[in-house]
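Novice: From first to last, the protein sequence lines are chains A and B. Add 4 to a position in the first sequence, counting from 1, and you land on the number used in the working numbering. Add 3 to a position in the second sequence, counting from 1, and you land on the number used in the working numbering.
FYI, nobody ran anything at the bench for these hints, they're computed from the structure. Quick caveat: nothing in here was measured; it's all calculated off a predicted structure. Here a beta-carbon is modelled for each residue, glycine too, at the ideal position from N, C-alpha and C. Check before you lean on any hint, since a few could be wrong.
Lysine-lysine pairs mimicking DSSO-like chemistry, simulated, CA-CA at most 27 Å apart [to be verified]:
#1 B:62 - B:85
#2 B:62 - A:289
#3 B:62 - A:285
One side of the interface only, derived from the structure: several residues of chain A facing chain B at Cβ under 10 Å [unchecked claim]:
#4 279
#5 281
#6 282
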Amino acid sequence: MIYEGKQKIWKDYQKEIPDDHWYFVRSCIRQNFFPASERMFTEITRNVLGKDVYETPYHTTCGGIAYHCDTLPQETAMTIVARQFALMTEAGYENYAASCITSFGNYAEVLETWHEFPELEARIREQLWKATRREFKKPKYLAHTSDLIYHWRNQIAEKAKFRLVDKDTGEPLRIAEHIGCHYAKMFPSKGVGGAEYPYVLTGMVESWGGQIIDYPERRHCCGYGFRQYHVKANRGYCVSNTHKKFESMEPYGIQAIVTNCPGCPYFMDRWQYFIAEQTGKTYGKDGFGIPVLTYEELAGLVLGYDPWDLGLQLHQVAVEPLLDRIGIPYDPKAKYLGVNKEDLLRPSLPQTLKCF
Amino acid sequence: MMDFGFKLSKSATIDLDRAGTERYEKLCALSPDARTCMACGSCSATCTAASFSGMSVRKVILGLQRGQDVRPLLSACMLCGKCTLVCPRGINTRRLILNLSKSYD
């Protein structure tokens, strides 16, 4: 192997990520699925790392879900995106960070389309002006929020209270990473490490002491796929993709999964319950599932935040075995106490998948 | 079992590491020319039964290599032998079908 050649190829998949001053936009669905994740992003970036991360309540959907469900024409989605860029311009920012993978892919697709078809961009500018009297500048840098946590991963590691290491054996935790399809499969150069070898989550896990485990279906989709899932009759097809991934990772003794997409952690977490009910099979140790975490939840855990403040009680798969393995303290009685110690009520437990 | 309103769909993936190819090997022992098939599809193109039943010697051989049950295809064959006439590799496809049918008996 020619080392210089390899370095040159790898350089093509590196991404310039400014260190500060980001305009942050949330996902439509993440706050419902894993409510503390985005809260933890702003908490870590602003209060732990001292970064300037701005967000506005006027931000709306990017139209990505409707666009990928074929219920919205691309021109409409582009005008929605143009409005988001106008909000960023009005706030005086140039660096745009999206929390959602599909939003990130959508923004990358829109910018690329405008680059190829400037006349389309001119038309969208005109439409936005007619509709809202707004003008916009295109972002200088576009990033997914996992890019930012990746960029600051070593600063987080310096402040970490726990490492992703088995407290009994001293071995690094065996972690699988799952990258959302819209992160780099559409535009490989927009993601850290490209489509085949994205390094964004791997870098975080390695920096925080864990070990990334490769498995054959590592790059396979989680199965969400928008149009498939939104039609109930097609959900069997969705879950068959997740099932394929779990079957593929089974022999490798995975102890946790980390993801950077809104849909992937939700489906990989909840579908373990569905698969257990349908097939009687679980993929973790002793009848438990494999915990699936977002990268903000993982960052929050290593930084020493209370697991229940991170919203880990809202996961289907029990996270307690993972917390015990790392040695993170938690109060089992406080699991279903929300903010201000309000009782969240206990969910009924599954028949096959072991939970607390 | 809980009713979710949908079920886990069976995957269409063919795992060649797990596919049982005993029948294919058995066939090759009886008709060694089966190994020379290059899947050109001439047999399928000339097959009288193909357009009515989906019969195709090419599919039969491919199915055997993947460890699939090819009996539904075999039952449509009329043993006319046209596929044997057009095979560019000179495979005796008629005999191949006969040998395979016997293996299922």
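Novice: Does the alpha-carbon distance linking residue 62 (chain B) and residue 285 (chain A) stay inside the 27 Å limit?
Specialist: Violated. Residue 62 (chain B) to residue 285 (chain A) sits at ~35 Å, over the 27 Å cutoff.
Novice: Under 10 Å is the threshold here; is the Cβ of residue 282 (chain A) close enough to any Cβ of chain B for the hint to stand?
Specialist: Holds: closest Cβ of chain B sits about 5 Å from residue 282 (chain A), inside 10 Å.
Novice: Verify the proposed pairing of residue 62 (chain B) with residue 85 (chain B), using a straight-line Cα cut of 27 Å.
Specialist: Distance of about 16 Å is within 27 Å: holds.
Novice: Would you check whether residue 279 (chain A) satisfies its interface hint, that is, whether its CB is within less than 10 Å of any CB in chain B?
Specialist: holds (7 Å)
Novice: Per the CB criterion, is residue 281 (chain A) less than 10 Å away from chain B?
Specialist: Holds, because the Cβ-Cβ distance from residue 281 (chain A) to chain B comes to roughly 5 Å (cut-off 10 Å).
Novice: Verify the proposed pairing of residue 62 (chain B) with residue 289 (chain A), using a straight-line Cα cut of 27 Å.
Specialist: Not OK: residue 62 (chain B) and residue 289 (chain A) at ~42 Å, beyond 27 Å, violated.
In summary, the numbered hints that this structure violates are 2 and 3.
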